[in-house]
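With chain P fixed as given, assemble chain C onto it according to the hints.
Here are the chains, one letter per residue:
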Amino acid sequence: QKEVEQNSGPLSVPEGAIASLNCTYSDRGSQSFFWYRQYSGKSPELIMFIYSNGDKEDGRFTAQLNKASQYVSLLIRDSQPSDSATYLCAVFPNRDDKIIFGKGTRLHILP
Amino acid sequence: DAGITQSPRYKITETGRQVTLMCHQTWSHSYMFWYRQDLGHGLRLIYYSAAADITDKGEVPDGYVVSRSKTENFPLTLESATRSQTSVYFCASCQQCARGQYFGPGTRLTVT
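Protein sequence lines correspond, in order, to chains P and C. Taken in order, the first sequence gives residues 5 to 115; the numbers are from my numbering. Taken in order, the second sequence gives residues 362 to 473; the numbers are from my numbering.
Isolated chain C (complex conformation):
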């Protein structure tokens, strides 16, 4: 039972490079979410998706792009990484979201 996985778990990249963080879930949950977590800010929603081919912006979408061609995958792309995007990124999913979301293990991204 893999649940929800993220890859890579750790990534170091340079300013200006494109980076894609992967999220995969095996539960067939309709809803998927991307958050970043930084000291002092807590969890901030970047983008979310209610179903395949349906995505919407969250609180901090600038500099990020998402797609969802398949229900189980929700990749997050940083088109041109900046140092301010150094953070821990969490993916989450839910079906009956009123009963809670379930998080992946996270990706720690460092932009140098």
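One chain only, chain P, in its complex shape:
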């Protein structure tokens, strides 16, 4: 079983709609969870991190964590063409100081 799993996409969402990105992880002892955005040809950029069950909101972005189901999601409200990117889910298992990355979901916002 892969440690962090994401659907590779592409996920196509109309402009103005809500984009929903999902991720599952295998290590139940994981401490914190991240969403990175990576534009084509650029480096990953940390946009959200969450460590408690429930929702965390930052502007148009909401991260959701359900530790019982080992599930993390990212909601992007009022999607814009500039949100088109690959979104990497990542997990801090707290076994050492490494972060485990998923392979990413490509998101395409349709104008």
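Treat the hints as calculated values from the structure; they're not laboratory data. It is possible that some hints are incorrect.
Stated by the list, open to error - Straight-line alpha carbon distances no greater than 27 Å define the calculated DSSO-like cross-link-like pairs of lysine-lysine that follow: (1) C:K418 / P:K46; (2) C:K372 / P:K107; (3) C:K418 / P:K6; (4) C:K431 / C:K418; (5) C:K431 / P:K102; (6) P:K107 / P:K60; (7) P:K107 / C:K431; (8) P:K46 / P:K107; (9) P:K46 / C:K372; (10) P:K107 / P:K6; (11) C:K418 / P:K102; (12) P:K71 / P:K107; (13) C:K418 / C:K372.
Computed from a prediction, not measured in an experiment: that's the story for all the values here.
Just chain C, lined up with the frame of chain P:
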């Protein structure tokens, strides 16, 4: 505020040559990481360092060497480059890694 920088940004080299990729951070972060990113594989950890003079292997360390004599620098050396090492290389750093890592701009390396 330079943050984390990598040099060179682009490099073309020949098979068998030694290549060193540089990573420099101005945040005094204890932890530094080297990843490679290839289509279909995502980010793969090559080496990481918890502090100066402390390094450890990641998922794909073969063919690479690292050192960390100063906290701010973490060079990655390909001792004898092979075509399979053609990739985009990212350096990252963190202090409280449970709050995330921060990436440099990357180096695109082509081995011919």
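* Provide an ascending list of the numbers of those earlier hints which the structure does not satisfy. => Hint 7 alone not satisfied by this model.
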